[in-house]
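Position 46, counted from 1, in the sequence shown is what the numbering used here calls 46; the numbers after and before it change by one each time, with no gaps.
The reader is advised that the hints may include incorrect statements.
Pairwise CB distance ranges (calculated) [unchecked claim]:
hint: 1; residue 1: Leu190; residue 2: Leu114; range: 38 to 46 Å
hint: 2; residue 1: Thr173; residue 2: Pro50; range: 38 to 46 Å
hint: 3; residue 1: Leu132; residue 2: Ala27; range: 41 to 49 Å
hint: 4; residue 1: Asn239; residue 2: Gly88; range: 17 to 25 Å
For the record, the hints were derived by calculation from the structure and aren't laboratory data. None of these values were measured; they are calculated from a predicted model. Virtual Cβ for every residue (Gly too), placed ideally from N, Cα, C.
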Amino acid sequence: MLRTLRILGLALLLACAGLATAPAASADTRTAIGGGTGIIFRLTPSPETPTGYYVCTLTAVGRDSAGNLVGLTNAHCFIDEQGNKLVGEKVYRDTSPAGTAFSPAPIADSRPDLETGAIGTVTYVSTPNNLLSTGPKGLDYAVIQLDESRVAPTSTVGGVSITSIGAPPANGTRMCKQGHRTGLTCGMKLGTNGIWFTHLVWTDGGDSGSPVVDGQTLVGNAWGAQHSSPILSIIDEMNAHGGVGAGFHLAV
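Just need the whole structure built from these sequences, with the hints factored in.
Right, dumping it as structure tokens:
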């Protein structure tokens, strides 16, 4: 009996020693981003000491058919004053807290997340909306190839969770958006205007690219003047264009 107890005691001791020396599971230290995350770019003279910059909001984060982690936002965010499309632009996460409709996030407070570093590179810029000009009318989206060693996708940012992709709902349906500048705002769908749909969802500068959702279904990207482009139309155009972004689907 004593021999049996000694053997059991030794086994328990070894088991405890094994538990004590087993390596702990490593925590994911990547920065979580998703539809509604604020982004900052066109940083001059440098990301470390910016005196000039632009801010927008991610529409969604997903994967393309090649497995790339991809972010979407508005095209007009990456078109300069001369009309040049800024393919190759580095994008950072905006570290300033998201605002609300009653207390918008001050653009002057926006700063790049230097600890994470550049989260991705712009690979494609579509035709912008040109709603208020005579230029060609576009879906106004940009594709960002994300650095998966630095960021991880999340389905929830602020007051919006995105779990599926679908068409805009019927007129009169309440929809919401999550933008970095004015946070969560909601309003009903009004109708359509050419290739876009219209609504009473409030946006402000810095909200460009915000996800517009019906419940938890992503239906479009907001680009101002209470207009959005249908996400299914954007995906169709990305598929037709090919390259990074083609075959886009949600990452989580």
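Here is what the structure says about each hint:
no., hint, in the structure
1, Leu190 to Leu114: 38 to 46 Å, "holds, 41 Å"
2, Thr173 to Pro50: 38 to 46 Å, "holds, 40 Å"
3, Leu132 to Ala27: 41 to 49 Å, "holds, 47 Å"
4, Asn239 to Gly88: 17 to 25 Å, "holds, 23 Å"
Of the numbered hints stated above, none is contradicted by the structure.
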